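Q: Chains A and B, in that order, are what the protein sequence lines are. Going by this note's numbering, the letters in the first sequence line up with residues 1 to 399, in that order. Going by this note's numbering, the letters in the second sequence line up with residues 1 to 399, in that order.
Note that these hints are calculated values from the structure, not bench results. A couple of the hints might just be wrong.
Copies of the same chain look alike in the list, so a pair counts if it fits in one copy or across any two.
[To be verified] In silico DMTMM-like links for lysine to aspartate or glutamate, alpha-carbon gap of 25 angstroms or less:
id: 1; residue 1: K321; residue 2: E80
id: 2; residue 1: K78; residue 2: E343
id: 3; residue 1: K380; residue 2: E20
id: 4; residue 1: K8; residue 2: E84
id: 5; residue 1: K236; residue 2: E394
id: 6; residue 1: K342; residue 2: E80
id: 7; residue 1: K78; residue 2: D214
Treat the numbers as computed from the prediction; the structure is a model and nothing was measured.
Number of protein chains: 2
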Amino acid sequence: MMIQKELKEDLQLKWSRLQEALLKINADGCLLHMDVNLFYATGRVFNGYFYLPAEGAPWFFVLRPNGLTGERVRYIRKPEQMPELFAELQIPMPQKLLLEADELTYNTYIRLQTAFQPRETGNATQVLRQIRSIKTPWEIEQFRFSARQHALTYAEIPACFRPGMTDLELQYEIEARMRRNGSMGLFRTFGSNMDIFMGSLLAGENAETPSPFDFALGGGGPNASLPIGANGTPLKEGTAIMVDMAGNYTPYITDMTRVFSVGKLPGEAYRAHQVALNIQQEIEEISRPGTPCAELYNRSLAIVEREGLSQFFMGTRQQAKFVGHGIGIQINELPVLTPRSKEVLAPNMVFALEPKFVIPGVGAVGIENSFRVTEAGLEKLTVCEEAIVQLPFEQINIL
Amino acid sequence: MMIQKELKEDLQLKWSRLQEALLKINADGCLLHMDVNLFYATGRVFNGYFYLPAEGAPWFFVLRPNGLTGERVRYIRKPEQMPELFAELQIPMPQKLLLEADELTYNTYIRLQTAFQPRETGNATQVLRQIRSIKTPWEIEQFRFSARQHALTYAEIPACFRPGMTDLELQYEIEARMRRNGSMGLFRTFGSNMDIFMGSLLAGENAETPSPFDFALGGGGPNASLPIGANGTPLKEGTAIMVDMAGNYTPYITDMTRVFSVGKLPGEAYRAHQVALNIQQEIEEISRPGTPCAELYNRSLAIVEREGLSQFFMGTRQQAKFVGHGIGIQINELPVLTPRSKEVLAPNMVFALEPKFVIPGVGAVGIENSFRVTEAGLEKLTVCEEAIVQLPFEQINIL
Numbered sequence: 001m002m003i004q005k006e007l008k009e010d011l012q013l014k015w016s017r018l019q020e021a022l023l024k025i026n027a028d029g030c031l032l033h034m035d036v037n038l039f040y041a042t043g044r045v046f047n048g049y050f051y052l053p054a055e056g057a058p059w060f061f062v063l064r065p066n067g068l069t070g071e072r073v074r075y076i077r078k079p080e081q082m083p084e085l086f087a088e089l090q091i092p093m094p095q096k097l098l099l100e101a102d103e104l105t106y107n108t109y110i111r112l113q114t115a116f117q118p119r120e121t122g123n124a125t126q127v128l129r130q131i132r133s134i135k136t137p138w139e140i141e142q143f144r145f146s147a148r149q150h151a152l153t154y155a156e157i158p159a160c161f162r163p164g165m166t167d168l169e170l171q172y173e174i175e176a177r178m179r180r181n182g183s184m185g186l187f188r189t190f191g192s193n194m195d196i197f198m199g200s201l202l203a204g205e206n207a208e209t210p211s212p213f214d215f216a217l218g219g220g221g222p223n224a225s226l227p228i229g230a231n232g233t234p235l236k237e238g239t240a241i242m243v244d245m246a247g248n249y250t251p252y253i254t255d256m257t258r259v260f261s262v263g264k265l266p267g268e269a270y271r272a273h274q275v276a277l278n279i280q281q282e283i284e285e286i287s288r289p290g291t292p293c294a295e296l297y298n299r300s301l302a303i304v305e306r307e308g309l310s311q312f313f314m315g316t317r318q319q320a321k322f323v324g325h326g327i328g329i330q331i332n333e334l335p336v337l338t339p340r341s342k343e344v345l346a347p348n349m350v351f352a353l354e355p356k357f358v359i360p361g362v363g364a365v366g367i368e369n370s371f372r373v374t375e376a377g378l379e380k381l382t383v384c385e386e387a388i389v390q391l392p393f394e395q396i397n398i399l
Numbered sequence: 001m002m003i004q005k006e007l008k009e010d011l012q013l014k015w016s017r018l019q020e021a022l023l024k025i026n027a028d029g030c031l032l033h034m035d036v037n038l039f040y041a042t043g044r045v046f047n048g049y050f051y052l053p054a055e056g057a058p059w060f061f062v063l064r065p066n067g068l069t070g071e072r073v074r075y076i077r078k079p080e081q082m083p084e085l086f087a088e089l090q091i092p093m094p095q096k097l098l099l100e101a102d103e104l105t106y107n108t109y110i111r112l113q114t115a116f117q118p119r120e121t122g123n124a125t126q127v128l129r130q131i132r133s134i135k136t137p138w139e140i141e142q143f144r145f146s147a148r149q150h151a152l153t154y155a156e157i158p159a160c161f162r163p164g165m166t167d168l169e170l171q172y173e174i175e176a177r178m179r180r181n182g183s184m185g186l187f188r189t190f191g192s193n194m195d196i197f198m199g200s201l202l203a204g205e206n207a208e209t210p211s212p213f214d215f216a217l218g219g220g221g222p223n224a225s226l227p228i229g230a231n232g233t234p235l236k237e238g239t240a241i242m243v244d245m246a247g248n249y250t251p252y253i254t255d256m257t258r259v260f261s262v263g264k265l266p267g268e269a270y271r272a273h274q275v276a277l278n279i280q281q282e283i284e285e286i287s288r289p290g291t292p293c294a295e296l297y298n299r300s301l302a303i304v305e306r307e308g309l310s311q312f313f314m315g316t317r318q319q320a321k322f323v324g325h326g327i328g329i330q331i332n333e334l335p336v337l338t339p340r341s342k343e344v345l346a347p348n349m350v351f352a353l354e355p356k357f358v359i360p361g362v363g364a365v366g367i368e369n370s371f372r373v374t375e376a377g378l379e380k381l382t383v384c385e386e387a388i389v390q391l392p393f394e395q396i397n398i399l
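Can you make the complete structure from the sequences, with help from the hints?
A: Written out as structure tokens, the structure reads:
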């Protein structure tokens, strides 16, 4: 099958990049266990371990599901069986072994370390996140598909709106359209304190509510166990509605934000929105391989300060200190566009740029798009109306 | 506010249980960081740490969100500031400290261990999961609300069905009803390899597909990154549809499964379904405080074997070795109803019992309900039609 051939070539490209990284830090091998890393490195999620030595072909040690076959697949009942299998299969035992130190639980990490007894361990999470920041041709095709469906869904948002709705009711309608347009539902994030469901919709004063999580903006959320996003705010005249729902139409998530208004907004909201569009334009102009990510943040902030909008930038009561982030299988990948980032843009990085303002009493305005870094600059993946779209605030009687 | 008073009493009950457990194992304190444990112990999710000493009142060390106030709340920028604050606030430094060893990442655990330098560490995950298995009166009220909304949604399932649909299309309709009935969306699981979105719907042969995850049944899922549940199977005549969508209408999730059929099913499917109901009845009869959880599994299996249905019980190509599990903020809490479980039922445990059979070529049948252990036996929380509900397989033209 054509797709399988493409997938195989994609995996081999990923393995060769990973092996290059292993050799550079004198690691003998890398053992992956987390779902997202397994999907990245094998094209599927299974319960088990993927072992890639610094040279040679990888091995798959599988607990579940039953029925996976392949020359380099071995079934195990527990991780302690791997060292025995290494001996049997004449795989050299790694002296320096990379494990997912920022993702595995403490007990799982210790268990693997005890089983393998490497002389040294290194952090596979860090290495994987670096490698995953440069997308492969196959991954970029996944983004393109997500972006198209994402735009399709956003175009349906005005049809989701009915006067008298709350933010949650509008979000439910958008979620239903997302699913019908092929969203896989599950929205993957990196880090343990990043709960979210399908994305964020912020309306009115709720846009000011600080969140515990590391997203661009907050919101009170539906209950105390999920303090992010829509909270039941009525969508009344003069309210800005910021829609930042996931583009998870493939395992590769595009990130896109658009703003809708119930009737007209105050003039300052349109002005701030325009400033966000101006920031986006400037960033598109200066971005190319080699541009420091910190520069993208600093340029954005300079425009914000020049326009006198600092106190509204990326929140009010709590302000996020970034203006964008890498995207991929998880919504918060590398690079990060922060003032202290040491990263520079490189071809085939894919990132979201999201200059946003919160206008007290009105809501959030601004823009977010997903961009691919090309040899010459940026390619915008998420193409869709960028102006604030006005929704009717009065019930229109048709009878 | 009445609710706040109730919540405060609830938290004090939880703290006293946790302190009792700490004293029993000579631990000086417990530091919690994971969202679900923070919600359990504080009634909210924040980015930070909750410290409960074995005696005395707890402390809240908060990174985000801004704006939390309280006598025992202190803001920090990084966890390393906690030991300084302990000195300043004259909190005794714990010699034996419990950390969430089965949940914290390796690097976070090491960071906390390095900051606190306790003489000994213990596993807060284990202790919390034990304590969380006995629900408080407030938690039971949350379950009751979830159960009512869960039943309400399931009663709408026949109205979601249209001939010619796929399993995914039916699931989307059910998800939309769930949200409108107040589902919080996010479906919380314990463990790193337990991806799922809002629940599982299994139809036809897809019910046989083994999954990497530790759920009762499998299914191929929408794509290779999410191999669980519905996969696009057409719902044609003679197909059994097993609906096991989350009851997350509060942070406390009820678990309930019901079966629908497109037209009539073969006789063996109805017979197996009846056996599942018989198992449920027997378990309801023998369960009371003190009943070993292993006994619940063994009794179920004995009935299955007597009826000659072993090869279909809890899957075919891969069979789950449990017949139920505790539920709570996460769908897979303690106790577990497995052959080797050492746990016994205790008052106010809340668990799901789910005897299920997979009939090749037809789909999955069986039952799942959520039960509370009372002083006398079991109370069924999820009350809703238990027979297989037949759906029309022909389009009915109304014009």
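Q: Please go over all the hints and tell whether each is borne out by the structure.
A: Evaluation of the provided hints:
| no. | hint | in the structure |
| --- | --- | --- |
| 1 | K321 / E80 | between (43 angstroms within a copy, 21 angstroms between copies) |
| 2 | K78 / E343 | between (39 angstroms within a copy, 23 angstroms between copies) |
| 3 | K380 / E20 | neither (30 angstroms within a copy, 58 angstroms between copies) |
| 4 | K8 / E84 | neither (28 angstroms within a copy, 53 angstroms between copies) |
| 5 | K236 / E394 | within (9 angstroms within a copy, 44 angstroms between copies) |
| 6 | K342 / E80 | between (39 angstroms within a copy, 24 angstroms between copies) |
| 7 | K78 / D214 | between (35 angstroms within a copy, 14 angstroms between copies) |
Taken one by one, the earlier hints fail for this structure at numbers 3, 4, listed in ascending order.
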